[in-house]
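**Q** Next come the chains, spelled out residue by residue.
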Amino acid sequence: MYSNAVWRKGLRKPNQPAVRPSGWQLFNHNRLARLGMWIFVCCTVLACLAPILPIPDPNATALVHRLAKPWLIQWFFGDMVQNPPVFEGWLGTDHLGRDLLSRVLWGTQISLLVGGSATLVAALIGSLLGLVAGFWGGRIDNLLMRGIDMLMAFPYILLALAIVAVLGAGLMNALFAIAIVNIPFFARNVRGVTLGVVRQPFVEAAQLVGKNRWQTLCTDVLPNVMPTIVITMATTLGWMILETAGLSFLGLGAQPPQADLGSMLGEGRKLLFTAPHVSIIPGLIIFILVMSINLIGDGIRDVLDPRLKSGVMGRPAAATNIRCNREADEFARPEVQGLIVNQLQTEFQLGHATYQAVNNVSLTLEAGECLGLVGESGSGKSVLALSIARLVPSPPGCIVHGQVWQDTQDLLSIPLAQLQHIRGNKVAYVFQDPATALHPMLTVGSQLVEAIRAHRPISYRQAWQQAVNWLERVQIPNPGQRVHSYPYQLSGGMRQRVVIAMALINQPKVLIADEPTTALDVTVQAQILKLLKQLQQDTKAALLFITHDFGVVTTLCERIAVMYAGQIVEMGYTTDVLNHPAHPYTHQLIKCIPKLGGEGALATIDGLPPAMNALPPGCHFAPRCPWAETRCKESTMTLKAISNSHWVRCCKPL
Amino acid sequence: MSIKHGELPLLETKQLWRTFADKHSIFRRQQQGLHVLQGIDLSINAGEVLGIVGESGCGKSTLARLLVGLDRPSQGVVYFNGLPILGNDSSSTHVLGITNKRNNIINKRNKKLLAKSIQYVFQDAVSALNPRKVVAMSLQEPMQYLLGMANKHFQPRLKQLIDQVKLPDEILQRYPHELSGGQAQRVGIARALAANPQILVLDEPVSALDVSVQAQVLNVLLELKQTHKLTYVFISHDLSVVERISQRVVVMYFGRVVEQGSVNDVFHQPCHPYTRLLLASIPKLNQSLAIEVAENSAELPDPFNPPIGCAFAPRCPRAKATCFQEKPALTAMPGEGHIAACHFPHLP
Amino acid sequence: MMLTYIIHRLIAIIPVLLGLSLIVFLVMAMIPGDPATAILGNFATPENVARLNQQLGLDKSLAEQYVIWLNNVIQGDWGRSFTLNRPVLDEVLERFQATLILAGAAWLLCSVFGLLAGIIAAIRQFSWVDKIITFVVLVGISMPAFWLGLLLIMLFAVQWQWFPASGMYAIYGGGDIGDLLKHLLLPALTLSIVAMGVVARLTRSAMLEVLRLDYIRTARAKGLTERRVIFLHAFKSSLVNVIPVMAIQAGFVLGGAVYIETVFQWPGIGRMLVNAIATRDILLVQGGVLMVACTYVLFNLGADVAQHALDPRLSSRNRI
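Protein chains in written order, with my numbering: chain A, 69 to 722; chain B, 857 to 1204; chain C, 840 to 1159.
Bear in mind the hints are in silico, worked out from the structure with no lab data behind them. One or more of the hints may lead you astray.
Here are a few chain A residues that face chain C, going by a calculated C-beta distance under 10 Å [unchecked claim]:
no., residue
1, Pro223
2, Leu227
3, Ile390
4, Tyr497
5, Pro684
Stretches of chain C that chain A covers, calculated by requiring three or more beta carbons in the stretch to come under 8 Å of a beta carbon on chain A [said to hold, decoys possible]:
no., segment
6, 849-861
7, 918-931
8, 957-967
9, 1106-1116
Cβ coordinates follow ideal geometry from the N, Cα and C atoms, glycine included.
Using the sequences plus the hints, can you model the full thing?
**A** Below you can see the structure in the form of structure tokens.
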């Protein structure tokens, strides 16, 4: 969560190779991880230097000076008269008068060595097992994983104890015990990731370029599993040190005179009441060491984890943030049955870049009307749809300007409680992918009931009856039975019907359908479109239909609006726009669509849509437009009417 | 069936079945397997584009994976240039393949041979590239492992490939996540071409792309076919794209071929009711507010409980009692090589 | 549906328990040194040793020994501890009761507070609450539990004398629930602190992941209140991912009891094990390990069942 800022600086602009911040840069930007790194390096260096530092022999006993308190504590708390501070080493001495500083340094060295070695052994063996099991699968996987499961059936500290019981107490034996009990952990983690990687198409592609299994494993699978191994190592090292210390604490690890931090703590425990510093100091060192390692581990995980890399790991708030300049909003309160969107502007703030996803969009949706919103991916059409009920994930999204009027209310300026009353009640949504739009662990019926009861004070039983009725209205066969099923038990088309029922169940004034048929097959799409049209006519809801498919729009909508780079570039009656497109983009786009019965090469649009954080000045389409002139690239375009129902954002419409 | 006399098809499949066996455990009765492909006979001539259309779950992707050796048929054989290259075939003698224990013809040696002749273009172009390798690395792998080219020959060939798919040279040093969908798909095509194959099997190569980008990729494909004398097996759910690019079309439903023939015959005189339904379901431009699909909410049959008769019968407006009891066979329809599996086909 | 699943799982743990007992048996059989010598002392005559070996069945093959041992274990004959001179099963059961109280309390603490902290940190992401929780969690998982125990004893038992420093009941008087709780608080808290950190961390990330999903957006688009969205929709999905980790934490508190019982002189199975290992009382070690491991297996079974009850998809995946 700390590293995102740097990474975002390197966000790619299309057509430019990204500035890739190195892993180290990312890591270094994370302050906590850097702090951990420094502490860890200091501890390690000091521990390594123990043999050459001017400190007493850790095992030299001097019973005369036993249990001396650390010098600083004496100095602070000792009374100067009766017990003048005696310097007996910086950290004092233990019950045999051995110098604690020296013992702690040597002990740290041993603890680090044992913990590190155990990590390496466990990582090596565990990762190997996990890779083999995940990559080869089948019987090998089964056999290995049964064994691993068996080992994991023991609470692992207990297993370590049992192993030490067999091997006998001792540092090396403790090391083996710790390593062995952590092997299953590595094996499971690595196997899981390997399975995920192996299912990726690029592993199949490796097969097609003539690699054998081993080559695929080494060049394709391993590099993609490696980050997980490193993360697991970094996050377990601290743990391993704690475990070794624990065994030594119980007297099963390091044997005297050899001492690691754990055994020092164990010895000091008996003197807890008389000389607490003997046990507190080694414990403190373990704590600091492990904490620094954990900080580093978290830093490494943040850098390497692909999920954290792929975007903002933020929690979307209940409603999109609004950052409007309210004084500028001088817009007469209209009485609208449908929906009026006025100069809406939505941005995404990612690091230092601002992506203008929706840029000054105004549109009117009359009651009972169906307006199609068409555009390619990234044109901002979905963000526009989500902005209406403030459903844009925020952070990073933010509405910076505009109003959305629905029935004398501006949805963007009312409080959340009121907005929640409008969502699903006056303004309802149908989303693109029915596979993910429904909660997988709740029955269809309970989700429908929930939608009703969020807005109507009726009993559960009544609501349930309504849910069944609505399932029937969206033509789901056997609704009385289907209402009890979970979403995964329904086909894609059925799920989308449920979503539609859920949207219409409160008879909303406005229905916003965001690519509702894109994830479906054509024959199912045709059914759903038919159903939508019919229900929209029945309920007299205004429909805002968002799609990338011109064909779908023409079957459903009287009017369409075409979006490009966050703006509406053309709007008018469907027949006008399709037959006489006035904006060059619309014109080109329609020519790109393969039509049944068409001939010859397809038209294409050169270039790529502009990056939304670096929009070209003037007309955003100018760089790709074959008719562009210099003035297109300079002056800002406004949406102008070319007839009383046809609007175009172009200075020389076709 | 549709082979012109005396001409050997470049790629041919005979009675290809793919069954996914149900995992049986001690506690459950062994269920019937899932028949994803049920006896597919296809033949593809050199230089033609065979389009395969059908909706999700019809088995078209499984078929594609079988053709390139990513999956093995449970039964049936694939012939390349008349020689069996993969499959289970106990009767014929194998010229190319050496039968291994499980009667599968595929083995290490002809796996490479297969990869040199037939290449595959993935639907999800970005994830078909190793995320930790720059494009150049991915592109040179076929040269290295399949063709055994020396390292020094890589560079000019890489440039040539990337030019052929109309991408700028600097793409070579990018990582897959830095590519747009269209660019990634063109890199995928370039990688498939790197091995100099005769056949490209394209599994929904443009379905994830926007129309303007889709047109770019389709044009690249059409041009490459001319310059390299390639043969395509083009799989898509989008009928208008298939019509544009193919010469012959195969329509699949529930693991079977229901209609096959030239683009003209299938698209203009469809005989199978399913083909007609597909064509009618496409939303067309300039045909406002007219949805003329009669059927409601009918779905694919339960794959674990396949129907005895025609799989399409429950959705078919013309279905009669026979349709529910007997599986229709592929029979000749008007038009050259035009066949359909229907008891009561629409005839002109 | 659920019942058949539970029955299947119950049948499926039989091989696990067998494998477990085999491991325990083999591990103990591998222990170097001769149990007979250990029992009779170093000055035993070879004849006596041989006789005892025969009595203990140690002259038979390993497989035979295992079958005999397993048969005995099932019939409740877990052998006799030579150091305590009483049946192992009696001792183990008595000690295990104490451990169950301690581990159970710790597990409850870690689950309740871990889940709560995780949820709060997730819904207040990046706020100071989140930062404090994240920091406390980090401290918790970096702390050697036995050291924390010592610190707590020093502060609460020695310095302020709020709680007793050790034992399960007061020696004089006491013996009631209140007394037990007083003794329980410090060790249970110590034992749960690491596990709590792990649960909180995981809950936070699971919640954050779920809150970004489409169906949460759908729930909000329906007009549901934020409380319902978070505590019903998001939490339900996150819980499925958190349950396995809570099961692992149960194993952790069961095992970690070894340290804490030593520190707080809790008369549980962990302390018994440490002593038994030190005195090489193999039968006692065997019995203790077997008991704890079996409990853990049963607990994991419970977690599995809970997960399946929550997420109907899991059962259906099993079918196909």
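**Q** Does Pro223/A pass the interface hint, meaning its C-beta sits closer than 10 Å to a C-beta of chain C?
**A** 4 Å, holds
**Q** Verify the coverage statement for the segment 957-967 of chain C against chain A, using a C-beta to C-beta distance below 8 Å and requiring 3 or more qualifying residues.
**A** Since 4 is at least three, the answer is holds.
**Q** Within the segment 849-861 of chain C, is the number of residues with a Cβ closer than 8 Å to a Cβ of chain A three or more?
**A** Since three or more residues must qualify, the claim that chain A covers the segment 849-861 of chain C holds, with 3 doing so at under 8 Å.
**Q** Restraint: Ile390/A near chain C, CB-CB cut 10 Å. Satisfied or not?
**A** 16 Å, violated
**Q** Counting residues of the segment 1106-1116 of chain C whose CB is closer than 8 Å to a CB in chain A, do you get three or more?
**A** holds (count 3)
**Q** How about Pro684/A: closest beta carbon in chain C under 10 Å, or not?
**A** 32 Å, violated
**Q** Is the shortest C-beta separation between Leu227/A and chain C less than 10 Å?
**A** Hint on Leu227/A: holds, closest Cβ of chain C at ~8 Å, below 10 Å.
**Q** Tell me if chain A covers the segment 918-931 of chain C under the three-residue, 8 Å CB rule, please?
**A** violated (count 0)
**Q** A closest beta-carbon separation below 10 Å is what the hint needs, so does Tyr497/A meet it against chain C?
**A** At about 4 Å, which falls below the 10 Å cut-off, the nearest Cβ of chain C leaves the hint on Tyr497/A intact, so it holds.
When each numbered hint is compared with the structure, violations occur for hints 3, 5, 7.
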